[in-house]
Amino acid sequence: MSETTNRLRSGQQDPMWVRYLAITISLAFTSLMLVLPLCVVFWEALRKGVWVYFAAFQDRNAIQAIYMTCLAAGIAVPLNLVFGIAASWAIAKFSFRGKGFLIALIDLPFAISPVISGLVYILVFGMQGWLGKWLEGYGIQIIFAVPGIVLATIFVTFPFVARELIPLMEEQGSEEEWAAISLGASGWQTFWRVTLPNIKWGVLYGVLLCNARAMGEFGAVSVVSSNIRGGTNTLPLHIDALHADYNSVAAFSMASILALLGVVTLIGKTLLERKLVNESSQSLESTATGDAI
Amino acid sequence: MSIEVKNISKTFGSFTALKNISLKIENGELISLLGPSGSGKTTLLRVIAGMELPDPSPDSQVLFFGEDVANRPVGDRKVGFVFQHYALFKHMSVYENIAFGLRVRPRALRPNEATIREKVHSLLALIQLEGFGSRFPKQLSGGQRQRVALARALAIEPQVLLLDEPFGALDAKVRKGLRDWLRGLHDELNTTTILVTHDQEEALEVSDRVVVMNQARIEQVGAPAEVFHHPESEFVIDFLGNVNVFQGRINQGQAVLENMRVKLSDPTIPDGEQAKVYVRPNDITIDKNSIGDSSIEASVTRINRAGVQAKLSLASKNNEEIRVDVSMERLLELGLQLGDTVYVHPTKARVFVPDYTI
Amino acid sequence: MTKNRKAALPGFGLTMGYTLLYLSLIVLIPLIALFLKAATMDFSEFYQTVTSKRVLAAYRLTFGASLIAALINTFFGAIVAWSIVRYRFFGRRFLDAIIDLPFAMPTAVSGIALMAIYARTGLIGKYLEPLGIKTAISPLGIVIALTFIGLPFVVRTLQPALEELDGESEQAAASLGANRLQTFFRVIVPSLLPSLLTGFTLAFARALGEYGSVIYIAGNIPMKTEIASLLIVSKLDTSDVPGAAAIAVVMLMATFLILLLVQGIQWWSQRITGRN
Chain F
1 MSETTNRLRS GQQDPMWVRY LAITISLAFT SLMLVLPLCV VFWEALRKGV
51 WVYFAAFQDR NAIQAIYMTC LAAGIAVPLN LVFGIAASWA IAKFSFRGKG
101 FLIALIDLPF AISPVISGLV YILVFGMQGW LGKWLEGYGI QIIFAVPGIV
151 LATIFVTFPF VARELIPLME EQGSEEEWAA ISLGASGWQT FWRVTLPNIK
201 WGVLYGVLLC NARAMGEFGA VSVVSSNIRG GTNTLPLHID ALHADYNSVA
251 AFSMASILAL LGVVTLIGKT LLERKLVNES SQSLESTATG DAI
Chain V
1 MSIEVKNISK TFGSFTALKN ISLKIENGEL ISLLGPSGSG KTTLLRVIAG
51 MELPDPSPDS QVLFFGEDVA NRPVGDRKVG FVFQHYALFK HMSVYENIAF
101 GLRVRPRALR PNEATIREKV HSLLALIQLE GFGSRFPKQL SGGQRQRVAL
151 ARALAIEPQV LLLDEPFGAL DAKVRKGLRD WLRGLHDELN TTTILVTHDQ
201 EEALEVSDRV VVMNQARIEQ VGAPAEVFHH PESEFVIDFL GNVNVFQGRI
251 NQGQAVLENM RVKLSDPTIP DGEQAKVYVR PNDITIDKNS IGDSSIEASV
301 TRINRAGVQA KLSLASKNNE EIRVDVSMER LLELGLQLGD TVYVHPTKAR
351 VFVPDYTI
Chain G
1 MTKNRKAALP GFGLTMGYTL LYLSLIVLIP LIALFLKAAT MDFSEFYQTV
51 TSKRVLAAYR LTFGASLIAA LINTFFGAIV AWSIVRYRFF GRRFLDAIID
101 LPFAMPTAVS GIALMAIYAR TGLIGKYLEP LGIKTAISPL GIVIALTFIG
151 LPFVVRTLQP ALEELDGESE QAAASLGANR LQTFFRVIVP SLLPSLLTGF
201 TLAFARALGE YGSVIYIAGN IPMKTEIASL LIVSKLDTSD VPGAAAIAVV
251 MLMATFLILL LVQGIQWWSQ RITGRN
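Residue numbers (the working numbering), protein chains in the order written: chain F, 1 to 293; chain V, 1 to 358; chain G, 1 to 276.
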């Protein structure tokens, strides 16, 4: 508390014109760079009226794309959730050599261009890749088909949950887990009854971000998908195709769903961040209410 | 339950937490592991609980009732562990916290809801928190939380209670109250209790025996009075309360410094050895006139009258500080003022000569 | 100083095994495939591919535009972070939340939205066109798109560092007779420098690989407005998989180098400030 007031007091020391200038620049810059593009999406989508807007959703390809997007996210998010929980348990509750290196490897997909993320799967499963020919023999197609899209989506959203949970679980420590174990709980009981309730907001936060990226991924997915419409198009790919056809209203109508998803994600994120502050502040002592023995 | 550890060592990387520790704890005993932070006391407790594995060694053993528990995981050791920061389950009510150990039992051994309720309520009564069952840990004071943590540990009817600095995070007054309560509880339940603490007053007051630890080793084991009055090492005498240290030299079976002589119990120590003479502030008498042939001259630099006894600070001729506790009556009798010259005479002293520790 | 060896909590084998298996299957093996693919080309072939005129132009454009965008973001991002942490004003919470929009909004959506704004007939583009400023289908447009996606990196890296500057050291400086400007340049800027550098580098690294938000506004004219990611896609479109892999390897190495730099900066700042 006193830190905040200190900070604010020193903020108040800044001359009035500095304060107003900084605030004005901040608001102007973010309005121009962030708010305007967001508004443009809805404005472009609705410029020909509500009926044209909703007509865009009647299209069979649009429905197919929404389905594909949900399917890809529906597979990628749970898989990465399970992975994220397993990885953060292994990393936060134990100490071992090479921990920092492992964390860096988990973060790797964030550092890789989405286009390259798609490319690596072509190199494994594509016709010129390692397994493409062999899989074709069994009639299995991965690249330019649904499995490729799902794989690419998994790749680009791989670190999200782990990245939220590792620091959270490290900060919480293992004392409650030890308490549960010493009371006779099994590993699974400890996880379900003690650990999971303690990290639930962190899990939700990770899932939220993971899902936003999964539904919105474009570069990686476009590399591994064919451009045959209605086949393996996700929403972002469908938007791309509509835009290429100069069907601006339909493109922006589809984009408005994803922009809405983005806004919902931002709101959820802001709300969850407040919950998370409580979750990661382990110290019960600070809230002690009195000392009646 | 009797517990015995034999030849236990534990290292974390290059840091040695325990160095070849052996200790036997008798059934029904309340024993304190006392030492400064980093002395290994908590590590020893965690090794007994099974939360740390000792360094592998053929002759190291942890025995419960004579049975080696090396391969028994924490949950099977039936130890009630109480953590310094309580480690209460934040999202569970007090009731659910206490019931946890019963609810996680394998189905065949799990008591029914009525039994659990009865058990939890009797434990709530034991910790004097009846009516607090539906509260959450956040809504309790530190002392209340620690009692809940204790009740939770007791719910599984442990054979031994392990307490890791249980009162360390509490106010001095609360700590004192809880300490007495814990002693009563221990006697009532007739368990074996191991208490880790860095507070010498706590250890000396509450335990049957005290284990003084320093730098991964056990310095001394004994009843509180024994370790207090017969410390076996410089560390122990220094750690258990205030003490004055005088540098002297051995001469004819006595430690000599200035005019003061302290008789050695071992007269074989050769002359000329350096000796450290430890004297507690209340083992010193002072007088305005020289007392016999064994006293040191000093001047009064500070008089603190706050307390049952007055605390004096004196400065010797070489300007070393000497602390002396005297009764208020004696202070009045002497009519001491700042700057007065007094003569200091130790009534009881411990002499330590390097390599000839007595 | 020392960490407890928590040898006895259960589940290490299971979770670690699963982590390594999943990590290998999803990330490591495919990445190895990329490097092996590039390795199947003989060196002169590889060298010719990655140094052909069109590829070099794409590198130049990608690095140049990313650098400019990261610099813009460092400047404005610092002001935004400073305002959010230091001042209380109407819209502060909204500002704080909207900063993450580029993370939350799909890149393709941002891409077509930026195009709609900066195209010749767009909201802003139509006012710039008469002034002779061409934003869409020009390097300037690419810089704008890369600025959009890089902003949160700078702000979110700076915010915690600013919050840690609790004002006490500034008050100390003031009490020692420093004026506000001296305090700013001698106390505040040096303690923020590591975070500024980290934020800049992260924004730069992200810009290097960006695809979706750039391709619409860029227009993708070879030699002029074609970025490296797009070049990889066009190689793939012509089924030149080894060529695509070669360019990808070069881009990946550049990104890794930059992230190594971030690690270095963080290591250095931890050493001088002692915080962890």
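Bear in mind the hints are in silico, worked out from the structure with no lab data behind them.
Among the hints, a few may not be true.
[Said to hold, decoys possible] For lysine-lysine, the following DSS-like pairs were computed, each having C-alpha atoms within a straight-line distance of at most 27 angstroms:
#	chain 1	residue 1	chain 2	residue 2
1	V	Lys276	V	Lys263
2	V	Lys276	F	Lys269
3	V	Lys138	F	Lys275
4	V	Lys90	F	Lys269
5	V	Lys90	F	Lys275
Quiz item: So which of those numbered hints doesn't the model satisfy?
Solution: 2
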